[in-house]
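Given these sequences and hints, build the entire structure.
Just so you know, the protein sequences line up as chains H and C, in that order. Going by the numbering used here, the first sequence opens with residue 19, and the numbers climb by one from there. Going by the numbering used here, the second sequence opens with residue 31, and the numbers climb by one from there.
Simulated from the structure, these hints should not be mistaken for lab results. Beta carbons are placed, not taken as given, at the ideal position from N, Cα and C, and that holds for glycine. Treat the hints with care, since some could be wrong.
Every beta carbon over 12 Å from chain H, so not counted as near; a handful from chain C, in silico [stated by the list, open to error]:
1. Gln-108
2. Asp-120
3. Phe-149
4. Gly-169
5. Leu-175
6. Ser-177
7. Ile-193
8. Pro-255
9. Leu-316
Quick look at which bits of chain H chain C covers, simulated, 3 or more residues with Cβ under 8 Å [claimed, not checked]:
10. 106-115
11. 122-136
12. 181-193
Only pairs whose alpha carbons sit at most 27 Å apart, straight line, appear in this in silico DSS-like list of lysine-lysine [unchecked claim]:
13. H:Lys-102 x C:Lys-230
14. C:Lys-306 x H:Lys-94
15. C:Lys-244 x H:Lys-92
16. H:Lys-102 x C:Lys-244
17. H:Lys-75 x C:Lys-244
18. C:Lys-306 x C:Lys-106
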Amino acid sequence: MKQPVLRIEDLHTHFFTDRGEVPAVDGVDLVVNSGEVLGVVGESGCGKSVTSLSVLKLVPSPPGRIVGGRILLKGKDLVPLGEKEMRGIRGNLVSMIFQEPMTSLNPLFTVGQQIIETVRLHRGMSRKAARAHAVEMLQKVGIPRAEEIVDEYPHQLSGGMRQRVMIAMSISLNPELLIADEPTTALDVTIQAQILDLIRRLNEEQGTAVMLITHDLGVVAEMCHRVAVMYAGKVVEEGSVYDIFNHPLHPYTQGLIQSVPRMNEHRERLYSIPGNVPVLSKDMQGCRFAPRCPHVMEVCMRSLPELIRQEEHHSCRCWLHGSSQEDAV
Amino acid sequence: MRQSIRASITIRGETMGQATLKITPPNVPAEKVSGPWGDAWRAFRKNKTAMLGLCIIVFFILVALLAPLLAPYGYKEQELVNRLKPPSGDHWFGTDDLGRDMFTRILYGARISLWVGFFSVIGSIIVGTLLGVLAGFYGRWIDMLISRVFDILLAFPSILLAIAIVAILGPSLRNALLAIAIVNIPTYGRLVRARVLSLKSEEYITAARAIGMKNSRILLTHILPNSLTPIIVQGTLGIATAIIEAAALGFLGLGAQPPDPEWGKMLSDSRQFIQKAPWTVIFPGLSIMLTVLGFNLMGDGLRDVLDPRMKN
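Structure representation (structure tokens):
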């Protein structure tokens, strides 16, 4: 069994708002093994991004706070760590790419300056060595004319180029784990493929583990080894990409897969899961998906099912599957 | 330099066609990449009124710097026989009630007004930015405290507050400058606070934190430089306000003290002669108007260029 780079255990990240406490991440368990690409899928507002921000402890506070659970990075719990220790980890062991390449670079500095700054911050390299390193990184992420681009400003680059720069910056210290929060959502389809290809190459060549957050099942199918499906702050199904696509167990996962348009089928309308993501609150009862579920049963409204292992690497949180069904009845 | 390079490229483009352009880069020295500031300057140069403002300002700065060389007389020099003489070859702007040369006094007055304008604004910017950044970046009780102080300061009409401060400190040019600086702190403070608040949610700030940057470093390398543009715009317009405020305090006798040739002071000293010797009032008034106009034009131009909301 591979040693996990990241193990999230029963993570609770809550937001304390005027309308009460919102459990955005409500007991999430996740494992990212070394050299693996884990996809985290779900609708907007299901807690994917908050989970990833929690790993770096960048959840805006106030109002957000990690109220419980453990985040083990190579066995070391990050939750109790202070700001100073976290700074040594951010960028260095774990780094992150964001959704909007247009806004994730500072408009006032050249891309080189921004990469150099990162490298010098953690490695204390000389300016010259850092610059050489920056150029090398830009070349690595497939930027043509890296020697020139290094002195250009973000507004002179296209969205795809900027995302490459972001990736160059985040891998410049060779992190163990790369968290990519919807890295391709804001890009053109052709550029999307290039960026995904780049991330996969980094994963294969450097062995960087990747946690890929997305709502795009196409991206998941193409990129990931394993998938965790999240709904309303909880993981509802987890398994290998093969299992998830070929025999999804949870009705939510089934709905998600059905919603993907298919080229070889003619349908009048695209399928969509009826209803909306529920408003999260502390006193929710039962399965979070029950109000939208086509197979809803009485038990679903009353109590929340556990995440139960169905097969070797496939678990599901649903009363339709698993032994706990009999226990409850 | 830059233009010559650009010109040569267009010539190449015309003569060699587009296909060759792709291979030219190796032998053409790469045009120096211009940052956001370079772009702003280029856009600013196209703005005629803003350039006019800049010219007026440069003119007055030169006048202020070269006053001792340009002035035909000393600003304290009195010729009591030549009191309230109209403009003539000897006294271009006439003389005042003590027979002092108005032209000389206007020249020296530029020094005082610009000095008060620049330094009071620099003072308010430094303190205001510091407080605004603290309030915006750290939030919570610091923000509460600072914002409430700003609110209190803004509750007073600024000139009244300045008068109160000068009354406490004693009337002098230095105290007037100090009072103007204090009165204007909340303007910059609020501006910077709002800017920092919006910057804080920018993705590159989160990205910087995700890369392991310290708060203090984020402040210095990301937040401050990005807050600079509204400060520059407001500062330029603020100089105009400060000059008027200084003139007002001078007019009230709370600013520059005799014999300093402060424009506002000159206005108030001569107002009893407004009918008999209008030049004693017209020229200081015109000078105030022109400098203020210069700064306002330039400030508006800068806003057009620097404020992202003004860009299409």
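Quick rundown of the hints versus the structure:
Against the 12 Å criterion, Gln-108 of chain C stays outside the reach of chain H, whose nearest CB is about 54 Å from its own CB. At the 12 Å boundary, the C-beta of Asp-120 of chain C stays outside the reach of chain H, the nearest C-beta of that chain being 55 Å off. The Cβ of Phe-149 of chain C sits about 27 Å from the closest Cβ of chain H, beyond the 12 Å cut-off, so the non-interface label holds. With a least CB separation of 8 Å from chain H, Gly-169 of chain C falls inside the 12 Å interface cut-off, contrary to its annotation.
With a least beta-carbon separation of about 17 Å from chain H, Leu-175 of chain C lies farther than 12 Å from that chain, consistent with its non-interface assignment. Against chain H, the non-interface label of Ser-177 of chain C holds: every CB pair exceeds 12 Å, the least being about 17 Å. Non-interface status of Ile-193 of chain C relative to chain H is upheld: no Cβ of that chain comes within 12 Å, the nearest being about 40 Å off. Non-interface call for Pro-255 of chain C relative to chain H: violated, since the shortest CB-CB distance, roughly 5 Å, does not exceed 12 Å.
Against the 12 Å criterion, Leu-316 of chain C stays outside the reach of chain H, whose nearest CB is about 40 Å from its own CB. Counting residues of the segment 106-115 of chain H whose C-beta sits closer than 8 Å to any C-beta of chain C gives 7, which meets the bar of three, so the coverage hint holds. With a cut-off of 8 Å between beta carbons, the segment 122-136 of chain H has 9 residues touching chain C; three or more are needed, and the interface restraint holds. For the segment 181-193 of chain H, the proposed coverage by chain C is satisfied: 3 residues have a C-beta within less than 8 Å of a C-beta in that chain, meeting the threshold of three.
For the hint pairing Lys-102 of chain H with Lys-230 of chain C, the CA-to-CA distance comes to about 20 Å; that is within 27 Å, so the pair holds. Distance check on the hinted pair: Lys-306 of chain C and Lys-94 of chain H sit about 88 Å apart at the alpha-carbon level, beyond 27 Å; violated. Taken as a hint, the Lys-244 of chain C and Lys-92 of chain H pair is honoured in the structure, with Cα atoms around 24 Å apart against an allowance of 27 Å. Annotation: proposed proximity of Lys-102 of chain H to Lys-244 of chain C holds, straight-line Cα distance about 8 Å (limit 27 Å).
Between the alpha carbons of Lys-75 of chain H and Lys-244 of chain C the distance comes to roughly 14 Å, so the proposed pair stays at or under 27 Å and holds. For the proposed pair Lys-306 of chain C and Lys-106 of chain C, the alpha carbon gap of about 22 Å is at most 27 Å, so the pair holds.
Of the hints listed earlier, those the structure fails to meet are numbers 4, 8 and 14, in rising order.
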